[in-house]
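Participant: The whole structure should be built from the sequences, with the hints applied where relevant.
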Amino acid sequence: MSGFVLRRVGLGLITLWILSLIVFFAAQVLPGDPARAILGPLAAPSSVKTLAHQLGTDKSVISQYGTWIGHFVTGNLGTSYEYQAPIGSLLTSALGNSLKLAAVAFVLVVPLGILGGVIAALNVGKPVDRVISVIGLSATVIPEVVSGIVLILVFGIALNVLPISATPPPGAGFGTQIYHLIMPAIPLTLILFGYIQQMARAGTVEALASDYARTATLKGLPRGVMIRRHVLRNSLLPTITVIASQIGYLIGGLVLVEVLFHYNGIGSLIFNAATGKDFPMLEAGVLVIGIAYMVATLFADILYSLLNPRIRYRGVE
Amino acid sequence: MSIGSVPIESAAAVNSAQAEMRGEFLRNLVHSRTFKFGATILGFWILAAIFGNLLAPNDPLAQNLLAINQAPAGSHWFGTDQLGRDVFARVITGSRDILIIAPLATLIGTVLGTALGLVMGYFRGAVDEVIGRFVEAFLALPLVVTGILGVVALGPSNTTLIIVIGIVFAPLIARTVRAAVLLERELDYVSAARLRGETSRYIMFVEILPNVLAPIMVEFTVRLGYAVFTLVTLSFLGFGIPPPSANWGLEISTNYGQVTAGYWWEVLFDALAIASLVVGVNMIANSIESALES
Numbered sequence: 010m011s012g013f014v015l016r017r018v019g020l021g022l023i024t025l026w027i028l029s030l031i032v033f034f035a036a037q038v039l040p041g042d043p044a045r046a047i048l049g050p051l052a053a054p055s056s057v058k059t060l061a062h063q064l065g066t067d068k069s070v071i072s073q074y075g076t077w078i079g080h081f082v083t084g085n086l087g088t089s090y091e092y093q094a095p096i097g098s099l100l101t102s103a104l105g106n107s108l109k110l111a112a113v114a115f116v117l118v119v120p121l122g123i124l125g126g127v128i129a130a131l132n133v134g135k136p137v138d139r140v141i142s143v144i145g146l147s148a149t150v151i152p153e154v155v156s157g158i159v160l161i162l163v164f165g166i167a168l169n170v171l172p173i174s175a176t177p178p179p180g181a182g183f184g185t186q187i188y189h190l191i192m193p194a195i196p197l198t199l200i201l202f203g204y205i206q207q208m209a210r211a212g213t214v215e216a217l218a219s220d221y222a223r224t225a226t227l228k229g230l231p232r233g234v235m236i237r238r239h240v241l242r243n244s245l246l247p248t249i250t251v252i253a254s255q256i257g258y259l260i261g262g263l264v265l266v267e268v269l270f271h272y273n274g275i276g277s278l279i280f281n282a283a284t285g286k287d288f289p290m291l292e293a294g295v296l297v298i299g300i301a302y303m304v305a306t307l308f309a310d311i312l313y314s315l316l317n318p319r320i321r322y323r324g325v326e
Numbered sequence: 025m026s027i028g029s030v031p032i033e034s035a036a037a038v039n040s041a042q043a044e045m046r047g048e049f050l051r052n053l054v055h056s057r058t059f060k061f062g063a064t065i066l067g068f069w070i071l072a073a074i075f076g077n078l079l080a081p082n083d084p085l086a087q088n089l090l091a092i093n094q095a096p097a098g099s100h101w102f103g104t105d106q107l108g109r110d111v112f113a114r115v116i117t118g119s120r121d122i123l124i125i126a127p128l129a130t131l132i133g134t135v136l137g138t139a140l141g142l143v144m145g146y147f148r149g150a151v152d153e154v155i156g157r158f159v160e161a162f163l164a165l166p167l168v169v170t171g172i173l174g175v176v177a178l179g180p181s182n183t184t185l186i187i188v189i190g191i192v193f194a195p196l197i198a199r200t201v202r203a204a205v206l207l208e209r210e211l212d213y214v215s216a217a218r219l220r221g222e223t224s225r226y227i228m229f230v231e232i233l234p235n236v237l238a239p240i241m242v243e244f245t246v247r248l249g250y251a252v253f254t255l256v257t258l259s260f261l262g263f264g265i266p267p268p269s270a271n272w273g274l275e276i277s278t279n280y281g282q283v284t285a286g287y288w289w290e291v292l293f294d295a296l297a298i299a300s301l302v303v304g305v306n307m308i309a310n311s312i313e314s315a316l317e318s
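Just so you know, the protein sequences line up as chains A and B, in that order. Letter by letter, the first sequence follows residues 10 to 326 in our numbering. Letter by letter, the second sequence follows residues 25 to 318 in our numbering.
Source of the hints: derived by calculation from the structure; they are not laboratory data. Any given hint could be a false lead.
A few chain A positions that, by computed beta-carbon distances, are all more than 12 angstroms from chain B [said to hold, decoys possible]:
| # | residue |
| --- | --- |
| 1 | Asn-132 |
| 2 | Pro-179 |
| 3 | Pro-247 |
| 4 | Glu-292 |
What follows is a list of derived Cβ distance ranges for each label pair [what the hints assert, rightly or not]:
| # | chain 1 | residue 1 | chain 2 | residue 2 | range |
| --- | --- | --- | --- | --- | --- |
| 5 | B | Thr-64 | A | Ser-69 | 53 to 61 angstroms |
| 6 | B | Ile-124 | A | Phe-308 | 39 to 47 angstroms |
| 7 | A | Thr-224 | B | Ala-203 | 31 to 39 angstroms |
| 8 | A | Thr-59 | B | Ala-285 | 23 to 31 angstroms |
| 9 | A | Gly-12 | B | Tyr-213 | 31 to 39 angstroms |
| 10 | B | Phe-75 | A | Arg-242 | 51 to 59 angstroms |
Don't be surprised by glycine CBs; every beta carbon is placed ideally from N, CA and C.
Facilitator: What follows is the structure, given as structure tokens:
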């Protein structure tokens, strides 16, 4: 088991290193001279040169990468061009906000997805199953822009029951904060619903067809008890890993949702950094997202191997 | 056992069996209700992209500052936007750039991903491990984030979008193709080709590739839906197709500030158009997948 984890962590670190190269190359090398980008095309060459020296962008690309990644590993994420403040603290508060939004989305989608999957599985082939599956499949492919806009128009404006900004007024209590996050969480929920529902459905269908389910039925166990005790326990294992593996998607969805609903999270931070050509902020934000994704998938893999011994033993080989 | 006793199917028999399978696949596909529905939606938007200016009663670019933010009515079916442009005309012609960029990007991603997947699956070992790390690194970022990064790096243009989305799709498709190739390479026809002394390139592209086309085709249609998804999202964020030609994502972002004033028609129809196109493409993808399975 520890061998499996060590190997996964090692490979993950190599992947992260490659990712850091890609991010650095895309945000630091390709867009051209950052000093020129900040000062604009009309600035005097001498002031561009001075700023380039201050930023350290007049050094060689390799030494720039070395400095950047060296600082990053020791927890110094650099200084934002735009805010002239350390990126670390800006990023931490943005991450905290995003986590809140993601948590609301998960609290909504996990029970709904599992419930939808189990109901569909208990009615395989019947209209209920087909309706839930079609809704799930369609919800998964419709971009958050579309669902977000429709939600804003219906619940935010026509019915006026939910606030259209995710940011609560300053000093708002926990309840108000959650209230403001409900509508932004729904587009994320819609996309995730399809995945979770399909996995829960497949797992339940398989468990229902198993020998132990048949034995339970034949020994006279009431259907409700059989489903609760035997089917659900086994069918939900793969669903748990799907949920963990959707973290990556979730972060991507956050960019759009946070911009649409005016929320200060990691997604809007990356968006603002990219529009404002705040390259250190963009690099740090993207790399942090990569790390979050890798940690989440590693967690999902370990969880799955703990739940499924067959994978665990194969991993040690 | 002598070589003569091994039954060898004639090339003609193999060809006719393949043609029969292809025929059955097409029959399954055409008879599927999902496919018909999806194809109708996609067909509609393709027609709108080509003949949009003829279909729409007004010019999508013509501004009329005396008639801004007008609610839907007889003269403007979907109303007008903040510059007095006809929303119906802009929705109808808004698919054009999307339907050019999305298929091209998906095609690049599919070709690149197929080549990578073939190489990874066929050679395995060190080659697979090294390319695999790069694939993993790309997959660690959400599509939209890689898209933003790519547009920052290369500057906003339609070519950038095609390249960036293509490059992002390549690792995803490579992973699927690799898995299919790993199964194929163990089969007899591959060993036979190797014994004949064929080159690796010949075996990968002439022997194995035709046999892994089914998953590639499914990937292509599924990715096409995601390409539209990504394009619309990037356009909404301002990293997509540049103005002034109409496109749905950009329309929503420019008119989005107006919804609190009650001008719902300036964003709702674009949103519905996006939803219909993505759902249509995905219906085609689903029906191709199930036609291949049966």
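Participant: Output the indices of the hints that this structure fails to meet, ascending.
Facilitator: 4, 8
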